[in-house]
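Letter by letter, the chains look like this.
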Amino acid sequence: MSDIAENVAWIEVGKIDDIPQLGSRVVKRAEGDIAVFRNSENEIFALLNRCPHRGGPLSEGIVYGKTVTCPMHNWCLGLRNGEAIAPDEGCAPTYPIKIEGEKVFLSLQQSNECDGWTD
Amino acid sequence: MREKLILIGNGMAGMRTLEELLKLDSDMYDITVFGTEPYPNYNRILLSPVLAGEKTIDDIILNSREWYAENNIELHTDSTVSEINRVKRTIKTDAGVEFNYDRLLVATGSSPFIIPVPGHDLDGVIGFRNIADVDAMIQSSKDYKKATVIGGGLLGLEAANGLMIQGMDVTVVHLLDSLMERQLDPPASDLLKTSLMEKGLNFLMEAQTAEIIGDQRVEKVKFSDGSELDTDLVVMAVGIRPNIELAEKAGLYCERGLLVSDTMQTFDPRIYAVGECVQHRGNTYGLVAPLFEQAKVCANHLATLGYGRYEGSVTATKLKVTGIDLFSAGNFNGDEDTEEIIFQDPKAGVYKRLVLRDNKLEGAVLYGDTIDGAWFFQLMREGTDISDIRRQLLFGQAHLGNSGHGGESTAASMSDDAQVCDCNGITKGEIVAAITSKGLFTLDDVKAHTKAAASCGSCAGLVEQLLESTLGGDYTTPENKPVCKCTDFTHDQVRAVIRNQKLTSIRALFDYMEWRNPDGCHICRPALNYYLISSWPEEAVDDPQSRFINERAHGNIQKDGTFSVIPRIWGGKTTPDELRVIADAAEKFDAGEVHITGGQRINLLGIKKEALPEMWDFLSERGLVSGHAYGKALRTVKTCVGSAWCRFGTQDSTQMGIDLEKLSWGSWMPHKFKMAVSGCPRNCAEATIKDFGVVAIESGWELHVGGNGGVKVRATDMLCRVRTAEEVEEYVAAFIQLYREEAHYLERTAPWVERVGLGYVKERILEDEAGRKALQKRFLISQSIFQNDPWKARAKGESAHEFMPLKIIGA
Ligand code: SRM
Ligand SMILES: Cc1cc2nc3c(=O)[nH]c(=O)nc-3n(C[C@H](O)[C@H](O)[C@H](O)COP(=O)(O)OP(=O)(O)OC[C@H]3O[C@@H](n4cnc5c(N)ncnc54)[C@H](O)[C@@H]3O)c2cc1C
Ligand code: SF4
Ligand code: FES
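Protein sequence lines, in the order shown, are assigned to chains A and B.
Residue numbers 330 to 448, in the working numbering, belong to the letters of the first sequence in order.
Residue numbers 298 to 1108, in the working numbering, belong to the letters of the second sequence in order.
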């Protein structure tokens, strides 16, 4: 996260406590919603809200450790890198997050190389 | 610095232990493996199909050299360990090189027992244990004609069959008068001998080998009665001896095998042992299923998780000779306290014998028709009470009542492109390929790698059969499954701890039971949340983040991410006003579709998540509450019109349905729970496929339990007849509570009743009046807390964040 250039545009999306622990909230936008997750260690992650399997809404999944399980057919994705956990194969785009005090900032510049789910 | 772990014996049990260990913790140890054989780890079981020309050596390699490298395991093949120095904590190889260890795992397997008669060391006298033996046999079949196999057990017969297929003229010599006497009773043994003779094998029974005669190479076998047999090859398959010389030399305590505790430790706590070389609680094992169980426990302790226990195994056997179906498990001989059920059709080559003790299956021998072997084995291991299915037992699972087991007997005969898992579209060919290429051994492995049986599970039986037919006797169903990969504890154990320790939160439970993953996973969390709130309704706090989305958002998520809304329609009876409210809601909130459900109510589909609270507010203001169509909870109570209108109706079934729904709505359950009330035995409300069904009769009510109309249809069992409405409510409440307290999460009443037995349910509900009333009381206490409308609560603002985006960009 720290190696993101300083000139990226950060968008303030809310406070850490707006997101439930082991849960997620959605940032809506025309190009596809972004799911912002918070785990039990208060780490925050952002993934495109579309499961690489069939586009399921990852924000509705169960979160544990650094993993989310998609509510549709139980694929498990790493929150850090968006990669599906074996034996499943695929990935979801990830986005940088910056925390300042209580505030959570999101950048819309995708941070991994992943095409994500295509219908 | 990481600790050093050394494995002696690059075979099936030792390597399985390492695989399990890597799964638990992949960088805890620097691992080094020594193996006498020149190959990486291979599937020894499949040597028989290799000998029979059905598979090649490449097919049976389990872990390639690349795999060892990828996992940072140093592999020394062709390298025998000749010494263990427990004081210096070193081992020494036959090449004289020394390595030191922090922990040592001994898995040296066993060796074929070679009868020490004169001539046993001649060329052409071998055992059947490893690739070298198979190579020697295949080479002999090219150069020579006649083979003798000494030993008519499992291994001997597989060797004989293979050699015969390789073109040799084979005689099996056996000391006793019946083959495979340790797995078969005499009738099954005779059938086996007849079919093997038809295939072309020769037998010499009750013959004791006295001497092997030859110059350089074997030429004759001589027996104790003086007779002789010409031969070019002798395969000794009379038994195995655990390889314990190395351990004995190191001063580790050995009897028949190397002694280990329930944690797979030898008397030196730094030294672990698994596999055929060990002796556990007086037993040694020669099949992989128990060895894999040992491996799991051992890995758990190597990873210092420290709570697995190995407590011994029941084993089952199958003979891997193509065209011969044979299955044997447990105590199949019986004694004066056991009963037997026997089916015999010698002409058709079918023989089945089941041994029962106190209405539980204790042993089974099947010949010619082994379709139900896996099922019988499961009944045995789980100790299921079979009194209710006794009459059909012998005919197998497919003949149990109305259950839709179609297709189970077809696994073997299915074509490769036939679809096995209809949910995920997985074919038989794909499953078999995954089993062989990825070295899968259990149903869970297959689920994880192929997703077959990972969804609705109705094809699990078929997948188990494919595992069986692909792996042979190497396949087992775990007895009491752990809740998930985060723990080794079973559902029942977790529940007992929650109750006895009065745990009221998931965190407390994770700490107390030393959960492997700090937050658990999507499998255990919903189960644990349910166990907590059902055990301590007044104390435990519900954890929304541990509920599946449907229960968290109180609607069913649809494939496009929208939700469905199904209001409760009490007992299926509605009014024009109620319908008008639903119609208004459908228009106001833009329902994409209005659907009359299979449960006598109306489904409004395609509702956006953000709109849910407002829509619920609209409905709740007008008297409608959540139908819980999304929950592991009470669903619908379906009714017919009954005596109010119907010319056959004997009681007011509609009112009874409404009363039962008012009694039980809102209660969380292990799985969904459905009821129905019919006004007469014509049963228009289909009460006999519900979890609890009520059928009105002239004199009162007939109560039915354990029905299911979904994936696997099961008609209910009749519980009893009662006279009054109060009694119906008492029995319903008690049954629901018993189910809530004792069934496993995601187990519907049908499989639960089958597991515990109707007899047990009757004992608790019918015979124990005080117990029944206590169950009812506990149910009512729970209802006093949970019977409230979640929609209304959310319309008033509860969990508001759940329904609102964090932010809208570009708005
Ligand atoms: C809506 C409805 C279909 C309809 O339009 O008629 C329905 C819809 C679903 N059913 Fe059903 N079932 C519906 C009546 C039934 C019935 C008929 C009945 O209840 O009389 C059955 C067979 C009876 C039974 O359960 O024994 C039925 C057996 C199943 C099963 C198989 C359950 C089993 O134990 O075998 C599943 C899968 C599961 O639960 O894992 C399932 C699962 C589902 C799910 C939840 C699938 C899912 O996970 O998304 C569907 C949700 C759709 C939605 O979003 O609303 N549904 N489902 C019915 C709602 C009834 C209601 O008013 O609440
Ligand atoms: C032909 C055949 C068919 C079988 N069929 C079935 C079946 O259908 N179902 C079933 O469940 N089981 C079957 N088995 C039994 C099953 O293969 C064994 O139970 C299993 O392989 C035992 O595992 P293990 O790790 O204890 O021993 P092994 O797999 O034998 O591994 C031990 C390894 O340790 C090596 N070793 C020994 N001493 C040393 C040393 N000092 N230094 C270095 N290395 C050493 C050995 O060379 C060997 O490679 C069959 C066995 C055979 C031979
Ligand atoms: S039968 Fe039930 S689960 Fe299947 S598609 Fe229809 S509603 Fe969905
Ligand atoms: S859409 Fe996520 S698992 Fe299928």
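Worth flagging that the hints you see were computed from the coordinates, not collected in a lab.
C-beta: ideal position from N, C-alpha, C; glycine also.
Errors might be hidden in some of the hints.
[Said to hold, decoys possible] Which stretches of chain B does chain A cover? Using the computed rule of at least three CB atoms under 8 Å from a CB of chain A, they are:
no.: 1; region: 537-543
no.: 2; region: 850-856
[Unchecked claim] Among the chain B residues that face chain A by a calculated CB cut under 7 Å, a handful are:
no.: 3; residue: Gln-689
no.: 4; residue: Leu-691
no.: 5; residue: Ala-745
no.: 6; residue: Gln-842
no.: 7; residue: Ile-846
no.: 8; residue: Pro-1102
no.: 9; residue: Leu-1103
no.: 10; residue: Ile-1105
no.: 11; residue: Gly-1107
[To be verified] Quick list of simulated restraints, FRET-style, between CB atoms:
no.: 12; chain 1: A; residue 1: Gln-438; chain 2: B; residue 2: Lys-735; range: 35 to 43 Å
no.: 13; chain 1: B; residue 1: Lys-735; chain 2: A; residue 2: Glu-360; range: 14 to 22 Å
no.: 14; chain 1: A; residue 1: Val-337; chain 2: B; residue 2: Thr-872; range: 42 to 50 Å
Here is how each hint holds up against the structure:
{"no.": "1", "hint": "537-543", "result": "violated (count 0)"}
{"no.": "2", "hint": "850-856", "result": "holds (count 3)"}
{"no.": "3", "hint": "Gln-689", "result": "violated (35 Å)"}
{"no.": "4", "hint": "Leu-691", "result": "violated (38 Å)"}
{"no.": "5", "hint": "Ala-745", "result": "holds (6 Å)"}
{"no.": "6", "hint": "Gln-842", "result": "holds (4 Å)"}
{"no.": "7", "hint": "Ile-846", "result": "holds (4 Å)"}
{"no.": "8", "hint": "Pro-1102", "result": "holds (5 Å)"}
{"no.": "9", "hint": "Leu-1103", "result": "holds (4 Å)"}
{"no.": "10", "hint": "Ile-1105", "result": "holds (4 Å)"}
{"no.": "11", "hint": "Gly-1107", "result": "holds (6 Å)"}
{"no.": "12", "hint": "Gln-438/A x Lys-735/B: 35 to 43 Å", "result": "holds (38 Å)"}
{"no.": "13", "hint": "Lys-735/B x Glu-360/A: 14 to 22 Å", "result": "violated (38 Å)"}
{"no.": "14", "hint": "Val-337/A x Thr-872/B: 42 to 50 Å", "result": "violated (59 Å)"}
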